[in-house]
Amino acid sequence: MDEQMQSAMKSTEDRRWRLVNRTMRLHGHEPHALIETLHAVQEHFGFLDLDALKYVSQALRVPLSRTYGVATFYHHFTLKPPGEHTCVVCKGTACYIGGASGILDDFEKTVGIGPGQTTPDGKISLVTARCLGSCGLAPAVVFDGEVCGRMTSEAVLERIRRWTDHDPDD
Amino acid sequence: MTLTIEDLQNIAKIERDRQEGTTYQINVCVAAGCLSCQSGLVKEAFDTEISRRGLENWCLVKGVGCLGLCAAGPLIQVQPQGTYYQGVTVNDVSEILDSLGGSPVARLECSQHQAFFQCQQKIVLENCGKIDPERIEDYIAEDGYLGLFTALRQMTPGEVIEQVTKSGLRGRGGAGFPTGLKWTAVSKAVNNTKFIVCNADEGDPGAFMDRSVLESDPHRVIEGMAIAGYAVGASHGFIYVRAEYPLAVKRVHTAIAQAERLGVLGNNIFNTRFEFNIEVRLGAGAFVCGEETALIASIEGRHGRPRPRPPFPAEFGLWGFPTLINNVETFANIAPIIRRGGEWFAGIGTEKSKGTKVFALAGRVNNTGLIEVPMGTRLRDIVFEIGGGIPGDKRFKAVQTGGPSGGCIPEEHLDMPVDYESLAAVGSIMGSGGMIIMDETSCMVDVAQFFMEFCMSESCGKCVPCRVGTTQIYHLLHKISGGQGKPSDIETLGELCDLLKNTSLCGLGQTAPNPVISTLKYFKDEYKAHIRDKNCPAGACRMQAPEEAL
Amino acid sequence: MKKPLRVDERSLRADVNPVRLLTFKIDDRDVSARADETILTVARQNGIKIPTLCHMEGLSEHGACRLCIVEVKGMSRLMPSCVTLPRQDMEVLTKSDRVLDYRRKILELIFSERNHVCSVCVTNGHCDLQALAVEMGMTHVRYDYIYPTHPIDATHPRFSVDHNRCVLCLRCVRVCDEIEGAHTWDVMNRGISSKVITDLNQPWGSSETCTGCGKCVQVCPTGALSEKGKSVAEMVKRRQFLPYLQMMRHRE
Amino acid sequence: MSKVLRIATTWLDGCSGCHMSFLDLDERLADMAPHIEMVYGPLVDAKVFPEGVDVTLVEGAVATDEDKKKIRMIRDRSYILVSFGDCAVTANVPGMRNQFKVKDVMKRGYLENSSQNPELPSIGVPHLLDRARPVHEFVSVDVFLPGCPPPTEAILYTISELLAGRVPDLKGKARFGA
Numbered sequence: 001m002d003e004q005m006q007s008a009m010k011s012t013e014d015r016r017w018r019l020v021n022r023t024m025r026l027h028g029h030e031p032h033a034l035i036e037t038l039h040a041v042q043e044h045f046g047f048l049d050l051d052a053l054k055y056v057s058q059a060l061r062v063p064l065s066r067t068y069g070v071a072t073f074y075h076h077f078t079l080k081p082p083g084e085h086t087c088v089v090c091k092g093t094a095c096y097i098g099g100a101s102g103i104l105d106d107f108e109k110t111v112g113i114g115p116g117q118t119t120p121d122g123k124i125s126l127v128t129a130r131c132l133g134s135c136g137l138a139p140a141v142v143f144d145g146e147v148c149g150r151m152t153s154e155a156v157l158e159r160i161r162r163w164t165d166h167d168p169d170d
Numbered sequence: 001m002t003l004t005i006e007d008l009q010n011i012a013k014i015e016r017d018r019q020e021g022t023t024y025q026i027n028v029c030v031a032a033g034c035l036s037c038q039s040g041l042v043k044e045a046f047d048t049e050i051s052r053r054g055l056e057n058w059c060l061v062k063g064v065g066c067l068g069l070c071a072a073g074p075l076i077q078v079q080p081q082g083t084y085y086q087g088v089t090v091n092d093v094s095e096i097l098d099s100l101g102g103s104p105v106a107r108l109e110c111s112q113h114q115a116f117f118q119c120q121q122k123i124v125l126e127n128c129g130k131i132d133p134e135r136i137e138d139y140i141a142e143d144g145y146l147g148l149f150t151a152l153r154q155m156t157p158g159e160v161i162e163q164v165t166k167s168g169l170r171g172r173g174g175a176g177f178p179t180g181l182k183w184t185a186v187s188k189a190v191n192n193t194k195f196i197v198c199n200a201d202e203g204d205p206g207a208f209m210d211r212s213v214l215e216s217d218p219h220r221v222i223e224g225m226a227i228a229g230y231a232v233g234a235s236h237g238f239i240y241v242r243a244e245y246p247l248a249v250k251r252v253h254t255a256i257a258q259a260e261r262l263g264v265l266g267n268n269i270f271n272t273r274f275e276f277n278i279e280v281r282l283g284a285g286a287f288v289c290g291e292e293t294a295l296i297a298s299i300e301g302r303h304g305r306p307r308p309r310p311p312f313p314a315e316f317g318l319w320g321f322p323t324l325i326n327n328v329e330t331f332a333n334i335a336p337i338i339r340r341g342g343e344w345f346a347g348i349g350t351e352k353s354k355g356t357k358v359f360a361l362a363g364r365v366n367n368t369g370l371i372e373v374p375m376g377t378r379l380r381d382i383v384f385e386i387g388g389g390i391p392g393d394k395r396f397k398a399v400q401t402g403g404p405s406g407g408c409i410p411e412e413h414l415d416m417p418v419d420y421e422s423l424a425a426v427g428s429i430m431g432s433g434g435m436i437i438m439d440e441t442s443c444m445v446d447v448a449q450f451f452m453e454f455c456m457s458e459s460c461g462k463c464v465p466c467r468v469g470t471t472q473i474y475h476l477l478h479k480i481s482g483g484q485g486k487p488s489d490i491e492t493l494g495e496l497c498d499l500l501k502n503t504s505l506c507g508l509g510q511t512a513p514n515p516v517i518s519t520l521k522y523f524k525d526e527y528k529a530h531i532r533d534k535n536c537p538a539g540a541c542r543m544q545a546p547e548e549a550l
Numbered sequence: 001m002k003k004p005l006r007v008d009e010r011s012l013r014a015d016v017n018p019v020r021l022l023t024f025k026i027d028d029r030d031v032s033a034r035a036d037e038t039i040l041t042v043a044r045q046n047g048i049k050i051p052t053l054c055h056m057e058g059l060s061e062h063g064a065c066r067l068c069i070v071e072v073k074g075m076s077r078l079m080p081s082c083v084t085l086p087r088q089d090m091e092v093l094t095k096s097d098r099v100l101d102y103r104r105k106i107l108e109l110i111f112s113e114r115n116h117v118c119s120v121c122v123t124n125g126h127c128d129l130q131a132l133a134v135e136m137g138m139t140h141v142r143y144d145y146i147y148p149t150h151p152i153d154a155t156h157p158r159f160s161v162d163h164n165r166c167v168l169c170l171r172c173v174r175v176c177d178e179i180e181g182a183h184t185w186d187v188m189n190r191g192i193s194s195k196v197i198t199d200l201n202q203p204w205g206s207s208e209t210c211t212g213c214g215k216c217v218q219v220c221p222t223g224a225l226s227e228k229g230k231s232v233a234e235m236v237k238r239r240q241f242l243p244y245l246q247m248m249r250h251r252e
Numbered sequence: 001m002s003k004v005l006r007i008a009t010t011w012l013d014g015c016s017g018c019h020m021s022f023l024d025l026d027e028r029l030a031d032m033a034p035h036i037e038m039v040y041g042p043l044v045d046a047k048v049f050p051e052g053v054d055v056t057l058v059e060g061a062v063a064t065d066e067d068k069k070k071i072r073m074i075r076d077r078s079y080i081l082v083s084f085g086d087c088a089v090t091a092n093v094p095g096m097r098n099q100f101k102v103k104d105v106m107k108r109g110y111l112e113n114s115s116q117n118p119e120l121p122s123i124g125v126p127h128l129l130d131r132a133r134p135v136h137e138f139v140s141v142d143v144f145l146p147g148c149p150p151p152t153e154a155i156l157y158t159i160s161e162l163l164a165g166r167v168p169d170l171k172g173k174a175r176f177g178a
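Protein chains in written order, with this note's numbering: chain A, 1 to 170; chain B, 1 to 550; chain C, 1 to 252; chain D, 1 to 178.
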């Protein structure tokens with residue numbers, strides 16, 4: 001990334017970068033703010049791209065390789081842009097006992113993507129979570145942030161069909 | 001302007017008057033479990049309907065934390081009668097309001113006299129389902145921050161630690177280290193800068209106690225941390241909470257802001273020279289960060305790889321400064337101990353395990369949800385009385401405690417009391433309190449494989465035994481569950497488990513083999529059936545055709 | 001608004017008094033040590049051999065390969081001697097059957113992890129890992145090999161990195177950070193997927209921070225990092241610079 | 001010693017280098033001759049692997065379905081099985097293809113890198129397994145003799161020990177790569 005782009009980011013009119021900058025400022029641009037800042041980037045941009053990692057590295061005085069290491073160490077961070085819709089299948093113990101792996105199998109069979117993947121048209125991402133803490137409602141699945149409990153393969157695929165067939169945003 | 005005890009009492013009085021001013025109070029659970037069953041809409045519907053009917057002065061609607069019986073959500077409770085309603089939808093709102101003053105709506109009623117509610121004893125969860133987690137006033141009305149006041153104004157730091165020691169409280173995060181000893185160690189460390197860290201990185205799949213406490217009663221944790229800060233001489237605290245718990249994060253932020261505004265956090269708290277601030281740090285999805293030194297690395301903004309101990313965080317913690325790390329539930333016990341005395345707490349539980357323990361019941365059990373019972377309660381009572389037994393006439397097979405670091409306990413040990421020592425004796429651990437019940441349809445080889453897959457992908461990758469050992473164990477289990485195991489694999493499994501236990505760098509690697517060790521011990525026949533007969537007795541594993549076998 | 005938390009420097013370890021002297025036993029021999037010396041240091045001072053892999057004189061301790069484990073009487077778990085400090089009257093065993101058995105299993109795990117094909121390696125004959133196998137009498141690996149897919153990066157004009165031969169000892173990461181001061185290397189991912197990287201996981205040759213000093217190559221115990229254009233016989237690692245640089249930096 | 005040791009040698013997926021190292025025993029082979037009988041192997045003219053072999057040296061990794069059948073048969077007919085050389089002990093060079101799919105390896109070897117008549121071999125060649133693996137992942141092995149190739153001295157030691165009725169301990173006497 002060249003100087004121009006950097007200064008553009010710092011003084012940018014883009015509200016999202018202003019929010020990221022604010023997070024860094026709140027922590028006095030200390031290197032220990034790295035994870036908090038990466039959270040901010042991901043929250044506002046949906047993922048962490050290389051330019052963002054470079055920018056954050058420089059702003060917080062953290063080595064590039066460490067920033068990349070941290071961004072890939074934690075499962076919460078993603079370096080790839082997510083699909084339009086995200087389906088999170090909980091793979092916690094209770095959900096596993098409750099049949100989450102069957103849901104994942106059927107998902108892969110029907111939609112054609114496994115955990116961590118996005119459909120080629122960029123429409124749907126499938127993610128697994130370690131535990132959503134909704135064990136009382138196992139198996140739990142999250143559709144675009146909405147937690148649904150006691151899910152079955154049929155119910156999940158029905159929701160996915162609604163996303164693919166008739167997108168309300170279209 | 002600083003807060004005085006009169007101010008505190010005044011706030012409590014106003015709040016109690018407000019609540020007692022109405023004849024009825026409807027508590028709608030707005031913790032994550034019930035919210036995912038649309039309890040938010042139910043609460044809204046009550047609000048709308050009450051204002052439509054103009055009953056604001058007669059009936060108060062309150063969003064409260066977890067009522068416990070998550071399986072029956074959305075749950076609401078009508079006070080003063082204490083009637084529980086389960087599975088409430090927006091369409092039921094009018095009927096429930098109509099019934100107030102008459103007999104309850106029978107079709108929705110969830111008996112408050114059943115074992116689930118009757119057999120519990122609540123200390124940590126005493127306010128859960130009772131107070132509005134987003135209002136500090138509600139917490140204060142239940143004697144909130146009285147413990148902090150007592151500690152700051154009537155006790156020396158040494159006396160605070162003495163009470164905690166006397167209480168016999170042990171760390172609720174897993175290992176059960178005596179809290180009093182830990183506090184003493186940090187208080188004795190000579191340094192002007194010290195830190196308090198609340199570990200809310202509840203990573204065990206199958207555990208949701210910490211989430212519920214933070215969502216339902218965040219001020220209790222803040223108060224516990226502030227008392228700890230006073231006792232050990234720290235003025236800065238961190239709450240390290242999972243990013244996967246957005247609601248808990250939001251409520252903690254709200255609670256900290258309210259506490260700062262009121263003056264129970266900040267400078268000169270209760271007119272003393274004590275100052276204490278709390279910052280929230282988000283975890284980012286790494287189970288290993290539950291380990292103290294990895295947690296510290298993560299707060300410092302680095303990858304969460306543990307380092308060898310000693311030195312322990314009590315001497316050399318965050319940025320090298322003495323640091324006290326306790327779990328959410330541990331901190332949640334502090335305020336009641338200070339308010340009511342260590343001896344009161346020590347009177348509950350067993351000889352070596354004092355007080356109560358919160359458990360998250362999940363898996364093949366009727367009453368999934370959150371419970372709190374005195375230490376020493378029989379496992380059988382938890383599963384069959386409080387938990388209501390196994391659904392669908394299936395036979396109980398095992399209960400898994402302690403998450404991926406714990407073990408599977410078979411039927412023969414169900415009559416043992418639940419405490420740290422008894423669980424360790426049968427090859428499991430208390431852990432943070434997840435309890436997964438399994439019935440005859442669960443295959444124990446498959447369960448062991450599930451936990452090992454978890455440990456494998458959560459291993460930080462620093463030390464060889466854990467990084468490669470978990471992978472090799474998983475590989476063996478995968479072969480066995482696919483019907484491709486060799487008889488010698490059982491021995492190799494045992495050897496690898498022993499290696500990990502004795503040579504891994506941190507607790508994750510040292511305890512990762514527990515699910516395999518315990519299932520090998522109690523369910524060896526299931527392993528043998530997979531290897532010898534190429535058959536899964538529970539019918540859970542998919543055997544590959546013999547031609548594909550090596 | 002709250003003031004951001006500033007931490008200007010790390011606190012020093014106050015829990016160990018380096019002036020104190022103590023005596024303890026290694027393999028039934030009485031030895032004396034300063035309280036801040038590790039069991040490994042004391043053992044080596046007394047001519048007692050303990051195998052190591054991630055340890056390197058002149059770099060910070062990593063404590064991760066677990067090959068230097070020793071048995072301490074009264075403790076069920078084995079302790080890594082590179083980071084464990086002795087206590088008065090402690091009894092340490094460095095060659096008990098249990099220790100030797102565990103060490104060999106750990107070494108086998110290391111061999112099973114990646115594609116260590118010694119016969120076609122540029123450091124064949126000068127490799128710390130290969131030498132450890134001979135020293136510890138490891139003639140085969142009892143665990144199934146994992147055979148991961150790993151690339152070779154030869155984009156740097158003078159060096160190349162073959163991840164198939166990396167044991168994740170992180171000597172390269174430490175020497176680059178602690179001695180060269182560039183911190184070009186770090187680790188990405190976690191667990192079995194861990195991999196050493198330069199900068200933003202980009203080709204080494206395109207790294208902006210690499211000074212090309214080659215220290216990482218010299219400290220690498222295996223053929224993971226090597227110099228281009230060197231034949232098998234020539235690829236001997238030169239490590240004398242490390243104690244020398246340490247000495248020069250600590251002089252008055 | 002009175003008994004004559006019945007020895008067989010065989011190679012699976014290997015380069016025959018280990019056998020060459022065996023032949024490097026040179027005149028010491030002559031000293032050994034009265035005590036051993038070579039009953040099978042590329043060095044002798046026997047068509048069928050006999051029953052009741054005392055010691056079999058196996059060179060090479062198990063890389064094809066035929067290797068797999070062969071090694072099981074050999075195990076059944078041998079009293080002591082020696083994994084002879086790195087390919088047998090670690091899969092060594094044959095195992096370097098394990099990172100890739102068989103399909104891709106074949107394509108690379110026979111189509112992309114062939115200047116004349118690029119064609120995949122299909123007749124009379126055994127089917128490649130997904131991975132070339134060491135011998136002990138298929139059958140139990142009694143002695144491991146690593147090296148690429150194993151040094152002649154280590155081979156001599158191994159056979160001498162076996163002749164003396166002892167199980168050779170090769171710790172420290174041979175190394176991977178060599």
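Hint data in this document are derived by calculation from the structure and do not stem from the laboratory.
Hints are not guaranteed to be accurate.
Claimed, not checked - For each label pair, taking beta carbons as the anchor points, the in silico distance ranges come out as:
| # | chain 1 | residue 1 | chain 2 | residue 2 | range |
| --- | --- | --- | --- | --- | --- |
| 1 | B | Trp58 | A | Glu84 | 44 to 50 Å |
| 2 | C | Asp101 | D | Pro50 | 34 to 40 Å |
| 3 | B | Val90 | A | Arg22 | 37 to 43 Å |
| 4 | A | Asp121 | D | Arg77 | 57 to 63 Å |
| 5 | D | Leu43 | C | Val120 | 23 to 29 Å |
As the list claims (entries may be wrong) - Residues from chain D that keep clear of chain C, each with C-beta distances beyond 10 Å, as calculated:
| # | residue |
| --- | --- |
| 6 | Lys3 |
| 7 | Glu66 |
| 8 | Phe144 |
Note that the Cβ used here is the ideal one computed from N, Cα and C, for glycine as well.
Verification of the supplied hints:
At roughly 47 Å, the beta carbons of B:Trp58 and A:Glu84 sit within the given window of 44 to 50 Å. Evaluation of the 34 to 40 Å hint for C:Asp101 and D:Pro50 yields a pass: the beta carbon distance comes to about 38 Å. In this structure the supplied range 37 to 43 Å holds for B:Val90 paired with A:Arg22, their Cβ-Cβ distance being about 39 Å. The supplied range of 57 to 63 Å is met by A:Asp121 and D:Arg77, whose beta-carbon atoms lie about 59 Å from each other.
Checked against the hint of 23 to 29 Å, the pair D:Leu43 and C:Val120 passes, with Cβ atoms roughly 26 Å apart. Listed as outside the interface, D:Lys3 is consistent with that label: its C-beta sits roughly 26 Å from the nearest C-beta of chain C, beyond the 10 Å cut-off. Every CB of chain C lies more than 10 Å from the CB of D:Glu66, the least distance being 21 Å, so the non-interface label holds. Chain C draws D:Phe144 into its interface by the beta-carbon criterion, the shortest separation being 4 Å against a cut-off of 10 Å.
Violated hint: 8 only; the structure is consistent with all others.
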